[in-house]
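Student: What follows is each chain in one-letter form.
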Amino acid sequence: MSQQFADAPDKHIPTNSSLLTKRSTYIYASVAIISLLGLADATYLTIEHITGQSVRCTIIAGCSEVLSSKYAVVGGFPLAMIGAAAYFSVFSLATLAAFGYRFAGTLLNLLVAAMLLVSLWLVYLQAFVIRSFCQYCLFSAAITFILAILLLIRWRKP
Amino acid sequence: MKRILPFLIILSVLGVALGSAWYLKRASITTQPRSATGDTPRPNIPSLVAPGAEPPHTMGPVTAPVKLEEFGDFECPPCGQFHPVLKKMHDEFGDRLQVTFREYPLTAMHPHAVSAASAAEAAGLQGKFWEMHHLLYDNQKTWHGQFDVRPTFEGYAKQIGIDVERFKREINSDLVARRITEDGKRARSLNVGGTPTLFMNGREMPFETIINEDKFRAAIKQELESAKR
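Chains as they are written, first to last, in this note's numbering: chain A, 1 to 158; chain B, 159 to 387.
Since the hints were made in silico from the structure, they are not lab data.
Backbone N, C-alpha and C fix where the C-beta goes; we use that ideal spot for every residue, glycine too.
Please note: incorrect hints may appear among the correct ones.
[Said to hold, decoys possible] If you only want the chain B side, here are some residues facing chain A, beta carbon under 7 Å, derived: (1) Ile168; (2) Leu264; (3) Glu381.
[As the list claims (entries may be wrong)] Here are the simulated distance ranges between beta carbons: (4) A/Lys70 with B/Pro269: 20 to 30 Å; (5) A/Tyr71 with B/Leu169: 28 to 38 Å; (6) A/Ile146 with B/Arg361: 40 to 50 Å; (7) A/Arg23 with B/Asn297: 23 to 33 Å; (8) B/Arg361 with A/Leu110: 32 to 42 Å.
Whole structure, please, built from the sequences with the hints as guidance.
Tutor: Quick look at the structure:
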């Protein structure tokens, strides 16, 4: 009886995910949890952008040069807002993938690959074009990098 | 239940994210204005407000009904954007405004901020603070990217017609350094978190108000109205 209880958590995985290993589930769950950090970071930056606070030079964050640059807005939307949407999508897809939805795993790989490329481009812009670093933007890039590594580990050893 | 569980989790996270965003936005807008006179008690902030460098750099009469005090960093881009707005208000309202500038160089981000503040203060010792202040802001983009700003600042000193040799001596003087420190102490005592920060008759103005010409003008007019009463 006690053995049954110990096994209970694994039985959350629906039958259509019988191919999904425990290891993949853990990786997807980690991706979902880590993406929440990115979501929080991007949400905070979006609000700071909208209210104009982050556009000031502050004693703690070095974001004014970055967020007041032309690269901080894409098609009229703050880049941070697009980032928040991307992290929310990552969270949703990773959650679905952890519950055994296989299509979500494929979409997740594509999305994180795209986010990694965008993050690399943004770090390049901060380093060589704007020549100022915003720590919130760097934090976001680090989160994307970690997500990519996790998915790469899962992909290499499915 | 198992089938809808992931969707419930996703919806919950969406709800929390939107709720936090709404709360952050509301908190940012309804931030309590802080008083520069120190007469209103504020939590976690020393009640004693440092006076800043004496005499301060001011434009406009001491009897002006609306007194503006800016904490600025010459290398900070938003300060550069705010400069023409403040200048325009000063031109429009004339003697009804008194503008004070306080040095608050954010050295961690801006390598030339202290040099620029020192250049303005050194020019101030020869009675040309505002001339240097305007030149530094107007040409911020030029010197911001330079490795050595000294020749540029010396060029500005020459342009505004002050004794360049004296300027070169005084830019590194204790007096100039002390003035910047005193202004910095005042900024700290008022809990100034960034630049530009503007106090109008002792109350901190929201950044989104002062950076918008129309909103800023309306705020000054309102202050003038209440000063009449």
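Student: Now tell me, hint by hint, if it's right for this structure.
Tutor: Hint check:
no., hint, in the structure
1, Ile168, "holds (5 Å)"
2, Leu264, "holds (5 Å)"
3, Glu381, "violated (21 Å)"
4, A/Lys70 with B/Pro269: 20 to 30 Å, "holds (23 Å)"
5, A/Tyr71 with B/Leu169: 28 to 38 Å, "holds (33 Å)"
6, A/Ile146 with B/Arg361: 40 to 50 Å, "holds (44 Å)"
7, A/Arg23 with B/Asn297: 23 to 33 Å, "violated (59 Å)"
8, B/Arg361 with A/Leu110: 32 to 42 Å, "violated (51 Å)"
The structure shown violates the earlier hints numbered 3, 7, 8.
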